[in-house]
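Those protein sequence lines, which keep their order, are chains A and B.
Here the working numbering is used: the first residue of the first sequence is 1, the next is one more, and so on.
Here the working numbering is used: the first residue of the second sequence is 1, the next is one more, and so on.
Incorrect hints may have been included.
If you want the ones that stay clear, here's a sample from chain B, every Cβ over 12 Å from chain A, calculated [claimed, not checked]:
{"#": "1", "residue": "Pro33"}
{"#": "2", "residue": "Glu53"}
{"#": "3", "residue": "Asn86"}
{"#": "4", "residue": "Asp87"}
{"#": "5", "residue": "Trp103"}
{"#": "6", "residue": "Asn126"}
{"#": "7", "residue": "Ser182"}
Only some residues are given here: those of chain B computed to face chain A with a beta carbon under 7 Å [unchecked claim]:
{"#": "8", "residue": "Thr131"}
{"#": "9", "residue": "Lys135"}
{"#": "10", "residue": "Asp142"}
{"#": "11", "residue": "Leu166"}
{"#": "12", "residue": "Pro170"}
{"#": "13", "residue": "Leu225"}
Calculated directly from the structure, the hints in this document are not laboratory data.
Source: prediction; values computed, not measured.
Each residue gets a CB set at the ideal place from its N, CA and C atoms; glycine is no exception.
Number of protein chains: 2
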Amino acid sequence: MANEPVEALLFDVFGTLVDWRGSIARELATLLPTVDGDAFARAWRGRYQPSMERIRSGRRGFVRLDVLHRENLLETLDEFAVTGLNDEEIDHLNRVWHRLAPWPDVVEGLMRLRKKYIVAPCSNGNVALMTRLAKNNGMPFDVILGAEPTRSYKPMRETYLGSADLLDLPPGRCMMVAAHNSDLAAARDCGLQTGFFARPEEYGDGHDEDREAGADWTIIACDLLDLAERMGC
Amino acid sequence: MANEPVEALLFDVFGTLVDWRGSIARELATLLPTVDGDAFARAWRGRYQPSMERIRSGRRGFVRLDVLHRENLLETLDEFAVTGLNDEEIDHLNRVWHRLAPWPDVVEGLMRLRKKYIVAPCSNGNVALMTRLAKNNGMPFDVILGAEPTRSYKPMRETYLGSADLLDLPPGRCMMVAAHNSDLAAARDCGLQTGFFARPEEYGDGHDEDREAGADWTIIACDLLDLAERMGC
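Next comes chain A alone, as it looks inside the complex (with noise of 0.2 Å):
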């Protein structure tokens, strides 16, 4: 069966889009310069999904995502035993998420793609981090759609399906785009279309589970600029 012509581009962000290991150890360099940027950002990613999976599981009411990174990062100050920050040093490091920079192809790739498509984060990020974040960089997305205004964490179903009837738009007229296999595959398995890319450079060393596409995406593009030349634009 033929694909639906596709009218929305919903994408992942973090990694996808942004790179929030070097931004954040770019920003702990100034902050902190004693601690190794580059392990906390990875530290701190790394109580991301736990977190997420305490409000899938039910276990936990939603809060936005903002308030999940703000505990994890009380957590990882400790762990790499960092006092004496106050509250307002604490908010203002928290907010490195909405500071984050893109990937070199991004601004550009995204520019392009809205003169034909709808584009919009379908991320795990608050629509406060979302917000700055586009703004802080020129990404110039038509509506923040994904986590919060569906009151849901990907990979869970009503995140893809949520974002997609905000848009009014039967699943299969999105994309889902991410260099992320998981993504995709929740994604599609949701009846969206898919578009992938890898960004090699987000973890660093020592994960390899998104170095290439996992299976047969709708597209499968080397970055954001590719993709966008494959979709016409």
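Guided by the hints, dock chain B onto chain A, whose structure is given.
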């Protein structure tokens, strides 16, 4: 007490940013040339508040405005004795709300304001409607807020407070911008700052209540460009 610095501008849309009456009348001149398009537009819009009131009062659960618009359209077609449209034609006519034209100062005004502020609709229009309306007109919103993300219709407090909360801002750091005094009164009651300019052409003759500012709003401007200038843009 001095006002807090504003970080986000929340916009009323129908009437304030876009000309629903003129846009609908122009489309009807082609689609239904025997109908008085201006009278039809006003009759259709006349069913807007009562249809939302059933939801505000709790007599009906939340449904998005596209649904209310379609129900109200069917009644208006009856009133004007229009018959013979098929479902697809009715759907197309209903989506005229996605294609409304902005007033001449709007796109430039938003472009200027977004350089300094988060700009977002806080409208009773649903996400799919607002996303396509903005995209069709080049209105560069950072995020779509308002009725559907908060599952409440203005002037309920939840629409204003929930929109500010999605941005993680206290109400006083948001400014509601509208050409309708009642919208601003409700927003001020929730602690938001307020910006007003009149749109005397919105209804045409016989609708005098919003020809001028009805209170000492935070900013009273001539139009969106004047408001941008007064906001330092």
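Q. Looking back at the numbered hints, which does the structure fail to meet, lowest number first?
A. Going through the list in order, the structure violates hints 6, 12, 13 and respects the others.
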